[in-house]
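So the protein lines, in turn, are chains L and W.
Mapping of the first sequence onto the numbering used here: position 36 corresponds to residue 36, and the numbering continues sequentially without gaps.
Each number in the numbering used here corresponds to the 1-based position in the second sequence with 1000 added.
Derived by calculation from the structure, the hints in this document are not laboratory data.
Any given hint could be a false lead.
[Claimed, not checked] Quick look at which bits of chain L chain W covers, simulated, 3 or more residues with Cβ under 8 angstroms: (1) 23-37; (2) 43-57; (3) 82-96; (4) 132-141.
[To be verified] Pairs of lysine-lysine residues, derived as DSS-like cross-links and limited to a Cα-Cα distance of at most 30 angstroms, are as follows: (5) Lys1115/W <-> Lys150/L; (6) Lys1353/W <-> Lys24/L; (7) Lys1089/W <-> Lys66/L; (8) Lys1353/W <-> Lys8/L; (9) Lys1089/W <-> Lys146/L; (10) Lys155/L <-> Lys1089/W; (11) Lys1032/W <-> Lys1058/W; (12) Lys29/L <-> Lys1378/W; (13) Lys1378/W <-> Lys66/L; (14) Lys99/L <-> Lys1080/W; (15) Lys1115/W <-> Lys24/L; (16) Lys82/L <-> Lys1396/W; (17) Lys82/L <-> Lys1238/W.
Predicted model only: the values in this text are computed from it and were never measured.
Ideal placement from N, C-alpha and C gives every residue a C-beta, glycine not left out.
Given next are the chains, with one letter for each unit.
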Amino acid sequence: MSSNDQLKNFSEKLKENLGDLISKVEIHKGFILIETHIDKVRETAKKLKEIGFDHVKSVTVVDRMKDGVFEVGYHVSSYLNKDLAKYVVELVTTVPRDKPLVPSLTDIWLSAEFQEREAYEGFGIIFKDHPDLRPILLAPPVAELKPMRKDFVVKEEGIYRELPKKENVSSKVSEKKG
Amino acid sequence: MIIDMQSSEVPRLNMSSWEIGESRYLPGMEIKKLGKEKFVVYIGPQHPGSGHMRIIIKVDGDVIVEADPDLGYVHRTMEKLSEGRAYIKIIPLVERMAILDACNATLPYVEAVEKLLGLEAPERAKYLRVALCEINRIASHLYGFGIFGVFLGHSTMYMWGFGDREILVELAEKLTGARLTHTYPIFGGVRRDAPQNFTDNLRKAIRYLRKRLEDYRRMFLDNPVIRKRLEGVGIVSKRAATDLGLVGPNLRASGVEYDVRAVEPYEAYDEFDFEIPVFEEGDSLARAWVRVEEIKQSLRILEQVADKLDKTKGQQIMHDRFWAKVPPLYKKVFEAEGRVKLMPLFAILRVPKGRAFARTEAGRGEITYYIESDGKDKPYRVRIVSPSYRNAIMFKYAIPGHRVADLPAIYGSFDYFPPEADR
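Isolated chain W, as found in the complex:
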């Protein structure tokens, strides 16, 4: 079977028939004339925004009539690579899809394998996982805000977003030892306990961020220029959001109340008190507001987690089944440094036959893993569907009808992250 690329309607870049006289070049943009006032514009793939992807748009005048997202520039074949790797080695592999959201990206994988093993993490490990998940979620939203700001030419938001994200990255570093790729949740628990003064630092960060969110509102979201550019732009209706299968803040900005943390509570989320912010407007401004409200809720969860962590101090962070087989030296390391040295038994871990499906709410939305084991030390099949990949379909259906000048505002509001989409 030969894949017929010629059948596609969208014209592909063909260098031989490229007429320089007819095309104009802009950085990251190539334009090809189709007819009178009709052009194909190639935006990207040299970093049009938050990473390498290309949007091929057809314009009539400056109105976009067709948009075709061209993904795959940072595709790393994670699904295929997983089939040849020991279970524990897949964790550092899959977290590379969204390094600033690493805990959320790996947690469903760990959960799916735990489902197959038939075990659950101990209480304190669950709180620690939730803590890192929420830290990651806020960091991811702030990163998204920074990129969004720079899309709109609002460089203050860019600096603020990235500057404040540093606090969360440092918190994550204190907790896990790594700024970004933490590899924190492992089968049966977490890799390290929280350091002595972690909860104090966490509370300090929460207080600071609450104050900052008010600044964001005044400086960015209620800024008349920004509002003019975002309000009523890129509207996705509730019906469309459902049909397109959008996830995360993009879905909730269109009036659908769906959050995995509430629908199918995982880890310790059923113990915490939080709300799911939902906006009805479905435009770019609503998508920005949802994220701010979500940060507020995450801070609320983190506050409760801090209390729980204080209460469960010194408790086990690894499941008994693994902890019982640990050599005495490892236990000494844990007592002295609060870290679980990665046990050699993980390297030869065989997972019982079966199929498992796990979903969690990552920063950008729902992330799902399907894992099939045939009883060996490597999985038979791993299927990963990341939030940005599911949101990519928005480019095709939400952008046409708008002017080219609105494209950055819409693209930025999606908080689309190519490395995560391409996997």
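Extracted from the complex, chain L is given alone in its bound form:
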């Protein structure tokens, strides 16, 4: 498995380059995850940009309700550096659910601007120093509900409805006959 070795080599290199900034490097299916403390996010992002990761593909927020945290991740990659373009790196930091304040990375990666707005409306995460933090897809009253959080449950009508027991006459009739 040469591609696996490549990934391992690359993650080792990342570890060397980023040093103390990151606390964890994991290889997942299709991307490399690097975790950093919230105070070091901006520094790490700047370093990643220096290395050549020039754009954000996805700002991915995952609500870990059991642990009481949000996981704010930036899937980044490169357009101009063809070697780096093969890899997708997710820069992840965790933030408590009751005080979701994260520094914005829009001034480092402009491509994150709209997606940070989306994370703001869906999860209620506040990106500090974001130039234009307001809902993007949802109407303001809906955005106030923070609908992407796990404790917001969507009620679906469902396809099948169980019949009330009273209407189940046929079985009674057959019982009597029997």
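Position chain W against the provided structure of chain L, taking the given hints into account.
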């Protein structure tokens, strides 16, 4: 926490302070006076182009000084809905974001789940997926051309684009049974095999389209009126395209050579011979030309796919792991009709714990999925980023500085598709 809408700089529509005397109404457009020769113009959301979205522009005279894309009019909360749905039921859900590009929109989802399951589709299924992807890509570009034509008042291009798209839609129908929402790739393979004379029809379509592309050039792209309106309009530099994180033809028109099919070949793309057209100009005309060149390359891929499909006739289209558990009746259906009846085991499919990220090149650009499974029958989190959503940022940064009359030309050249952006 209360979201403060008042803090935004762009004035919101406030009906109570709306003075009829000061505003003029045009279809799909509302204008509000800010000062002498300064206006806010609301374009949309009643279909300003290819769907429901609104651009709020501030103009000084007729020069746009600020543009604010207002998205979300066709937002269907696909990410949230996915969290409450069985894995197989998410495929028909997510393909609704771009029905004319359905295979490209669902393929990365299927791939991400396949990564978690640890399996790959068999060879013939890969070719069939590539075939539908390329058919979808051409159909999507032709649709884009049609809309672009109507933006510029070139109704011939509109009719031609939509007329020729019909050929591809019919091909897709022959292959999958559905004109638009095909739900074709499923975990471990595809839903149906190609019918008997599919490759013959495919070759016929390729020959026809090659001829037509020459007509497009003469009638549309080299038309002096069209060139005058597109050349040097809406220029996005290479640096800007990278910083904004644009995708697809819009990125390649600005001189960045990036195509997921080449960078991280998925399915069978590494077996095919094709080029990535790149233009340096970065203007609206270049964005149109990239699409034409891409159609040519797609036709080239389709030609090779047709040969491969002929070679692999009768081979399996479903992964062994699922195929082994299929009841004999299903196998009979496959032998007689060449279609895989959707197996009941998909309905109770549990995906192993893990996280997966998959990207593919859709018609309008790169589409990415992040899927996290906690070992249950429903995903814990699905994150979808569609190409048009990533391109939406262009409205904010590429439009200011141009005149209002240039707006349709720029908007049309982005090939922006609101249902896909809003998800």
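Tested hints:
{"no.": "1", "hint": "23-37", "in the structure": "holds (count 5)"}
{"no.": "2", "hint": "43-57", "in the structure": "holds (count 4)"}
{"no.": "3", "hint": "82-96", "in the structure": "holds (count 5)"}
{"no.": "4", "hint": "132-141", "in the structure": "holds (count 8)"}
{"no.": "5", "hint": "Lys1115/W <-> Lys150/L", "in the structure": "holds (25 angstroms)"}
{"no.": "6", "hint": "Lys1353/W <-> Lys24/L", "in the structure": "holds (19 angstroms)"}
{"no.": "7", "hint": "Lys1089/W <-> Lys66/L", "in the structure": "holds (26 angstroms)"}
{"no.": "8", "hint": "Lys1353/W <-> Lys8/L", "in the structure": "holds (21 angstroms)"}
{"no.": "9", "hint": "Lys1089/W <-> Lys146/L", "in the structure": "holds (25 angstroms)"}
{"no.": "10", "hint": "Lys155/L <-> Lys1089/W", "in the structure": "holds (17 angstroms)"}
{"no.": "11", "hint": "Lys1032/W <-> Lys1058/W", "in the structure": "holds (9 angstroms)"}
{"no.": "12", "hint": "Lys29/L <-> Lys1378/W", "in the structure": "holds (18 angstroms)"}
{"no.": "13", "hint": "Lys1378/W <-> Lys66/L", "in the structure": "holds (17 angstroms)"}
{"no.": "14", "hint": "Lys99/L <-> Lys1080/W", "in the structure": "holds (22 angstroms)"}
{"no.": "15", "hint": "Lys1115/W <-> Lys24/L", "in the structure": "holds (22 angstroms)"}
{"no.": "16", "hint": "Lys82/L <-> Lys1396/W", "in the structure": "holds (28 angstroms)"}
{"no.": "17", "hint": "Lys82/L <-> Lys1238/W", "in the structure": "holds (15 angstroms)"}
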